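Asks: Sequence:
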Amino acid sequence: MSSKNSGKPDARPDVADVHAVIEPLCGRGFRTPRLTTRAAAAHVARAARLSAATAHTSTLSSSCYLSGGKMLLEKIRRGSVVAATITALALSSVASAFSPPPFPRVGGIQIGSPFNYNDPTYQASLARQDIMILADYPTMAPGGQSMNSAVQAIKAKNPNALVFVYVNSNQMRADQASGTAAWGPMRDKLNSMKWWLYSDSKLTAFVGAGFGTPGDNAVNNTLFTPKDSSGNTAIDWLTKYFVTSYATTAPAVDGFFMDNVFWRPYIDGDWNRDGKIDKQTDPTVQSWLRQGYARYFALMKTLMPGKYQLGNIGDWGDPASTLTEYQGLVNGGTLEAYMGKSWSVETWAGWSAMMDRYRKTMANMAAPKLGIFNQWGSATDYQGMRYGLGSCLLSDGYYSFTDTSKGYYGVVWFDELDAKLGNGAAPPTAAWQKGVWRREFDNGIVLVNPKGNGPQTVTLGGSFVKIKGKQDPTTNNGQTVTTVTLKDRDGIILLRTAPVTRPAAPQKVTIEQ
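To convert a position in the sequence shown, counted from 1, into the numbering used here, add 11.
Treat the hints loosely; a few may be bogus.
Below 30 Å or equal to it, Euclidean Cα-Cα: the simulated DSSO-like pairs (lysine-lysine) are [claimed, not checked]:
{"hint": "1", "residue 1": "K213", "residue 2": "K287"}
{"hint": "2", "residue 1": "K290", "residue 2": "K200"}
{"hint": "3", "residue 1": "K205", "residue 2": "K290"}
{"hint": "4", "residue 1": "K312", "residue 2": "K205"}
{"hint": "5", "residue 1": "K371", "residue 2": "K312"}
{"hint": "6", "residue 1": "K287", "residue 2": "K238"}
{"hint": "7", "residue 1": "K168", "residue 2": "K312"}
{"hint": "8", "residue 1": "K417", "residue 2": "K380"}
{"hint": "9", "residue 1": "K380", "residue 2": "K166"}
{"hint": "10", "residue 1": "K287", "residue 2": "K200"}
{"hint": "11", "residue 1": "K168", "residue 2": "K481"}
{"hint": "12", "residue 1": "K371", "residue 2": "K498"}
{"hint": "13", "residue 1": "K168", "residue 2": "K431"}
{"hint": "14", "residue 1": "K479", "residue 2": "K168"}
{"hint": "15", "residue 1": "K462", "residue 2": "K477"}
{"hint": "16", "residue 1": "K481", "residue 2": "K431"}
{"hint": "17", "residue 1": "K445", "residue 2": "K479"}
{"hint": "18", "residue 1": "K371", "residue 2": "K445"}
{"hint": "19", "residue 1": "K445", "residue 2": "K462"}
{"hint": "20", "residue 1": "K479", "residue 2": "K498"}
{"hint": "21", "residue 1": "K481", "residue 2": "K166"}
{"hint": "22", "residue 1": "K498", "residue 2": "K417"}
{"hint": "23", "residue 1": "K312", "residue 2": "K238"}
{"hint": "24", "residue 1": "K479", "residue 2": "K417"}
{"hint": "25", "residue 1": "K290", "residue 2": "K213"}
{"hint": "26", "residue 1": "K213", "residue 2": "K238"}
{"hint": "27", "residue 1": "K498", "residue 2": "K431"}
{"hint": "28", "residue 1": "K213", "residue 2": "K251"}
It should be emphasised that the hints constitute simulated quantities derived from the structure, not laboratory data. Please read these numbers as outputs of a predicted model, since none were measured by experiment.
Sequences and hints are given; from them, build the entire structure.
Replies: Here it is in structure tokens:
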């Protein structure tokens with residue numbers, strides 16, 4: 012595989028680059044939550060590879076490209092953990108009658124510290140979004156406020172908002188240790204049942220999770236792990252643990268966001284517990300991982316009726332991906348850093364490849380298809396933002412912008428997000444004019460000029476109005492236009508002088524149990 016440093020414009024990143032995706036979180040335990048440079052993340056990965064291996068630890072690195080990457084929400088606050096056996100769980104069914112919002116749809120990933128979800132100002136910013144993913148861990152109490160009351164306060168400001176909280180079943184970091192109130196019960200259970208991924212028949216050599224953090228060991232999420240006295244495999248127990256420890260204390264949440272819902276593993280290990288190393292490239296081994304996550308989602312549908320379940324599904328769009336086991340189970344998820352990073356698909360493979368992956372991922376979600384199209388960049392790069400937002404609007408995803416200087420903290424808002432486009436026509440399948448793409452909405456249109464197409468001037472076929480904005484008044488000047496010029500790698504929202512009328516989109520989507 013070519014490294015991103017090879018100098019070739021289409022060079023793919025190596026696995027160390029693409030694994031450490033949430034840079035403020037990965038390998039730092041939130042000690043420096045806003046250090047977000049790729050150089051820092053790469054340094055962590057390189058240091059891990061060069062350091063001497065700890066006793067009984069195997070670091071089986073991947074040699075395959077991973078798109079979409081990984082969210083490492085490492086939460087270290089301490090507290091007591093609810094440890095109860097689940098018999099029946101009556102959770103609110105707020106999400107069971109969800110009406111998709113008009114465009115543009117806005118999603119947010121706010122899992123970075125400080126976790127001041129109790130702050131009314133932050134709550135108001137979060138509430139501007141249609142969907143959001145927040146951090147959580149057992150006994151979390153932002154500012155002394157319960158997580159449930161924080162979520163309720165957000166929903167009081169926007170009753171239509173969907174709020175999801177983060178969970179992760181595929182690894183634990185070294186400082187998520189026994190003896191800590193937040194993480195001790197989970198680690199102790201994994202230790203006692205030997206539910207880790209191992210590389211030896213004696214079950215002593217742990218496999219590193221592959222994300223460049225020493226002591227970050229992988230959990231075996233397949234169905235091959237031994238059952239405990241209650242008949243639970245690792246993934247069964249973890250699913251029930253998440254519900255007991257997170258959902259019962261915060262019934263206002265609309266579901267979980269499960270990190271790393273890969274279509275295939277990216278590390279080798281003894282996945283089926285027969286004492287032999289199973290290769291990550293083996294299609295049978297890949298199906299074992301999917302079966303484990305499919306069990307998680309199916310069990311969640313039983314334990315959290317009326318709720319939605321999301322995942323980090325950024326690699327689903329891989330042209331080689333097999334997603335059979337996930338059909339009808341996953342209601343959406345993040346297409347993490349699809350734009351804006353050196354390892355983003357749009358960067359190394361181009362805009363068309365990114366859009367192919369975007370469409371494939373959206374097509375394989377269950378209703379109501381809560382796909383979050385995530386872009387990283389500078390909060391003042393308005394052209395880059397319009398390009399990303401426009402690309403997102405060519406399908407039905409929720410646009411998420413992450414400020415590189417802050418990571419997954421805070422809400423960045425742009426003038427374009429206040430444009431009232433209404434419902435959209437069917438997503439286009441081909442360029443409209445001169446390589447420029449266009450999608451129609453009730454109250455306007457969006458145009459996107461892909462990278463490599465060069466500057467283009469297009470005739471609109473009628474009069475349209477530029478939005479009136481303060482951030483980029485040169486572009487968003489409120490003028491009526493019949494033609495528009497787009498730079499290379501650019502986009503724009505234009506409003507109609509009179510809205511069109513089209514059949515309404517299906518409403519009141521419900522979950523089939």
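Asks: All hints are to be evaluated individually against the structure, with a verdict given for each.
Replies: Evaluation of the provided hints:
1. With a C-alpha separation of about 11 Å, the suggested pair K213 and K287 falls inside the 30 Å cut-off, and the hint holds.
2. For the hint pairing K290 with K200, the CA-to-CA distance comes to about 27 Å; that is within 30 Å, so the pair holds.
3. Between K205 and K290, the direct Cα distance comes to roughly 21 Å. Compliance with the 30 Å bound is thereby established for this hinted pair.
4. Of the supplied pair hints, the one linking K312 and K205 holds, its CA atoms being roughly 27 Å apart against a limit of 30 Å.
5. Between K371 and K312 the CA atoms are separated by roughly 24 Å; this keeps the pair inside 30 Å, and the hint holds.
6. A threshold of 30 Å between alpha carbons decides the hint, and for K287 with K238 the separation of about 20 Å falls inside it, so the pair holds.
7. For the hint linking K168 to K312, the alpha-carbon distance of about 28 Å falls within 30 Å, and the restraint holds.
8. Only pairs whose Cα atoms come within 30 Å are accepted, and K417 paired with K380 is accepted, the gap being roughly 28 Å.
9. Annotation: proposed proximity of K380 to K166 holds, straight-line Cα distance about 21 Å (limit 30 Å).
10. This hinted pair checks out: K287 and K200 have alpha carbons roughly 24 Å apart, not beyond 30 Å.
11. Our distance criterion of 30 Å between C-alpha atoms is met by K168 and K481, whose separation comes to about 25 Å.
12. Only pairs whose Cα atoms come within 30 Å are accepted, and K371 paired with K498 is accepted, the gap being roughly 27 Å.
13. Using a Cα cut-off of 30 Å, the hinted pair K168 and K431 holds, with the two alpha carbons roughly 19 Å apart.
14. Note on K479 and K168: the hinted pairing holds, with a Cα-Cα distance of about 26 Å set against a maximum of 30 Å.
15. The straight-line distance between the Cα atoms of K462 and K477 is roughly 22 Å, inside the 30 Å bound, and the hint therefore holds.
16. At most 30 Å may separate the alpha-carbon atoms for a hinted pair to count; K481 and K431 meet this at roughly 17 Å.
17. Distance restraint check for K445 and K479: the Cα-Cα separation of roughly 26 Å lies within the 30 Å cut-off, and the hinted pair is therefore satisfied.
18. With a C-alpha separation of about 25 Å, the suggested pair K371 and K445 falls inside the 30 Å cut-off, and the hint holds.
19. Between K445 and K462, the direct Cα distance comes to roughly 13 Å. Compliance with the 30 Å bound is thereby established for this hinted pair.
20. A threshold of 30 Å between alpha carbons decides the hint, and for K479 with K498 the separation of about 20 Å falls inside it, so the pair holds.
21. About 28 Å separates the Cα atoms of K481 and K166, which keeps this hinted pair within 30 Å; it holds.
22. Proximity of K498 to K417 is assessed by CA-CA distance (about 28 Å); at most 30 Å being required, the pair is judged to hold.
23. Between K312 and K238 the alpha-carbon distance is near 21 Å, which keeps this suggested pair within the 30 Å criterion.
24. Distance hint between K479 and K417 is fulfilled; the C-alpha atoms sit about 27 Å from each other, no more than 30 Å.
25. For the proposed pair K290 and K213, the alpha carbon gap of about 19 Å is at most 30 Å, so the pair holds.
26. Between K213 and K238, the direct Cα distance comes to roughly 18 Å. Compliance with the 30 Å bound is thereby established for this hinted pair.
27. At roughly 24 Å between alpha-carbon atoms, K498 and K431 fall within 30 Å of each other, so this suggested pair holds.
28. This hinted pair checks out: K213 and K251 have alpha carbons roughly 28 Å apart, not beyond 30 Å.
Checked against the numbered hints above, the structure violates none of them.
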